[in-house]
Amino acid sequence: MRNLLIFVLGSVALIALPYGLSFSQQEILVFLVINVLLVTSYRLMTLTGEWSLGHVVIMGVGAYASALYTKELGIYVPVSMILGAVTAALLAVLLSFPLFRMKGFYFLIGSFAAGEIIRLIWKRFREPFGGVRGISGIDPMPDFSIGIYQFDFFEPVSYYYFAGFIVIASLWVLWRIEKSPVGLTFHAVHWQDKLAQASGVNLRAYRTLAFAIASGFAGLAGALQAHYVGTVNPNSFDIEVMVFVLTWAIVGGTATFYGPILGCIVLTVLNEIVLREMGLEQARPLIYGAIMILSILFLPDGLESLVQKVTRRKSAPKPEEKAAT
Amino acid sequence: MSDFLEVRNLTMRFGGLTAVDSLSFKVEHGSIHGLIGPNGAGKTTTFNMISGFYTPTEGQILLRGEDISGLKMHEVARRGVVRTFQHSTLFAELTVLENALVGTHMPFRPNIFAAIIGWDKEDRRGAEARAREALEFFGLLHLSDERAGDLSHGHQRALGMAVAYASHPDVILLDEPFTGMNPEETKHMMGLMRRLKEDGITILLVEHDMQAIMGLCDTITCMSFGKFLAEGGPTEIRNHPAVIEAYLGGARHVA
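Note that the protein sequences, when read in sequence, are chains A and B.
Each residue of the first sequence is one higher than the last, beginning at 1 in the working numbering.
Each residue of the second sequence is one higher than the last, beginning at 326 in the working numbering.
Chain B with its partners taken away, still in its complex shape:
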C-alpha cells in the first residue's frame, strides 16, 4: 500500500511547552486509524495540525506525497481531509438540512452571479439531494426542519459527522465522536463508521472510549506526553506494556 496520509516528525510548541514532540505515523488508505493516549497527550493538537487549524512548529504532513502542513483549514478540506469538532460545533441557529447544505459547499461551489439570475437550479437540487443523502445515512432525515441547536446531544454529534460526510471527503478526522453517547448510540455509530469505511473513506479518530476504539480500529497509534509510544492492532496495543504503563501510571512498578 502506498502512503496515503503520513505524519512525519510533527512538532508543536506553545511557548515553552512542547505539546507534540516529533510524532510520526502513517495512515493507510481505507482503514480506520485510532489515535489514543491519556489526557494531555497531544492528540487534539495533532488533529488540529493535520486539519490546518494550527501550523506545526516543525515537521510535515503528507497527503498522497503532497506536503499539506501549514495550509489553511479550507485548503486542507479542499484536498479531501475534512474534520469534525470535539464539542457539538454546529450552526445552532440553522436547520438540520441547512447544516448539511453547508457541508456540500465543496462539491457544489456556490456562484453568486448564477444565484442572482437563477441559473444554479441544478446545483441547488444536487446539493440538496446530497445533503439529504448525508442526513439519511446518519438517520437524521426526519429531523431536517428542526433547529440544529434543539437536537439531542447524540443527534448533534451525528449531525456534525453528516456535515463532514456531505462534502465527499477522502479522509474524515473525527475528534472524540462517541463523547456523551450511551452504549446503544455508540454501537449504532460504530456500525455507521464501518459503512463509511466500506465506502472507501479513511477515518482517523481520537477517542477515549476504549471499547469503541478496540472494536473499530484497524491500527491504533498511542501517544503519551506528546510523544509516540506504540502502534499496532487492537490486541497488540491492549497488551503493550508501555501503553498499560502510560494509562495506569506505572502500576507495574508499584505491584
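For reference, chain A alone in the conformation it holds in the complex:
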C-alpha cells in the first residue's frame, strides 16, 4: 500500500516536473534522463569489478549505429534505436576477446585504448561515419499519439516523456538483473573470482555478459540522444564525457543501485542550474574535478552513504527489538 502510494506520487511528480521548468531546462531534463540510463548501465559493468573508460564511446556506437540505420537503410526510428543498442552489445562481445585478457588497471587502460580506436575510425572514415563533423540531419522520432497525449517530438517535454518511459523500463530490467541470481554471480565474480570459479562459475562468460548488457543499455542511451539532438560527432563521446560519467558514479557511490543515479542528478542540477545562473558553466571540468576530490576525501562512500544514514536512523530501533526478544 505504502509502495503503491510512493509509486503514484513519484509518477505524478515525474509527469508534472517539466511544467515548472523553462524551455532550456526542459532540454537539460531530457539529457539528464538519458544520462541516468548511461550511468546506471555503467554501474552494472562495475558490479563485476571492472571499471571501463570506453563506456561513453560504446554509447556513441549505439548513437552512430542507430543514426546510420535510419539514414542509410531507412529503418523506422524506434526499431533502429533497438538495433543500435544490439549493435553496441555485439561490439562489446567482440571487444571482450582482447580486453578480458586483462584485469583491473590494465583493463581500464585497455578499454580507453579500444574506445580511442573506435573514435579514430569515426574521424578517419567520411563514408559512412562523416569524419570529424559526424552525421547530421538524423531523422527525429516520428510523432505519434496515444489518445490522451499527442507526442510532438520538437517539444522537449514530449521527448522527455518518451525517453523517460524507455529509461524507466530499462532501469527496471537492470534492477531485476541485479537482484537476480545472475546479479549475485556478478558480485561473486567481483569479490572472489577464484572461489566463484571453484563453484562452477564461468568467469569469462559472466564478465562478458555484464559487459554486453551494460554496453547494450549504453547504446540505447546513445540512440535516444542521437535522435533527439539530430547530430552525432566523435567529440561528443570523448574522454571528457567519460570523466563526467566517472564523477557521477564516484560522487554518487556505486554500492547501491540508486547511488550513481543520485550522483548524476545532483551534479547535473548543480551544474546546469546553479553554475549556469552564476555564468560559470565553462568551468565545469574544473568544478567537477574539485567535487570529485572533495567527495573522495570527505564522502568516500558517496552520496548514497548520506541516504543510508538517514534511512538507518529511521529503522534503527528494529535490530534492538530483535536483540531484546
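Worth flagging that the hints you see were computed from the coordinates, not collected in a lab.
According to the in silico footprint, chain A covers these stretches of chain B (three or more CB under 8 Å from chain A): (1) 396–403; (2) 406–413; (3) 417–428; (4) 431–443.
Think of the CB as a built atom: it goes at the ideal place given N, C-alpha and C, for glycine as much as any other residue.
Here the structure of chain A is known, so what remains is to put chain B in place on it, guided by the hints.
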C-alpha cells in the same frame, strides 16, 4: 572398486623448480583420502592441478576414466570436483546466505531472461533451500544474515566448506580445513566430514594436523620434495620409516 579419481605421473615445473615430480595415486570412491608431507612437499600444488587452477606440465588426472587435466577450474567443478581454499577465501562483503547461494550456482544455473521476467521463482526457492540446507549442515544457519567477513575464523572455514557442499559435489578437495581451529572445533569438523562420507561424498584433504588426519582418513598418501613417499592406512603411515625420516629430518641416523 573401479578407479574413481586417479592421478598419473603428475608433474609440475615452475621454471627450474620441480614442485611435483611424477606423482601417482588413486582415490577410491566414498573414501576420505589424506595427502600429507612436510612443508614444501608440493601438496597444495597437487591440489591446484587437480582442481584446474594450474595446468600440469606432464601427467594426467583421470576422473571416472576421463582426463580432466588442463581443464579450467569451473569445468572441473562442473564434473563434480569442488575445492575449498587454504585461507578464509570467501565473499567477505556478501552475507553468509549469499555465499552459500553462490555455491548453488551449478545445480541451479541462473538464467538471465527468466530472471528478468520472473519465471525462475522455483529455481530461486530451490537454490535457497539448498543453501540453507548446506548452512544447517555446518551449523551456520543462525548466522545466515551476517556479513561473511565478520564471522569468527572457525565459522569462516566452515562456511568455505558449506559453499563447496551446496554445489552437490562428488569429490570435495579440502585444503587444510583444520587450520586455526581449536581442538573442540576440529573434533566437531571431523564428525561433519564423516557424515559427508556417509552421504557418499569422496573427500581428498591436505592437512598438517596429524591427529585429525590419523583419526579421519581411510588412506593416506605421503609426499616429500614433490615425490611420492608412501601410501597406506593411518597405522601403516605412522610407523613407516620413510615417513618418519621425512618428518624428523633423518633423526634415525643421528640416533
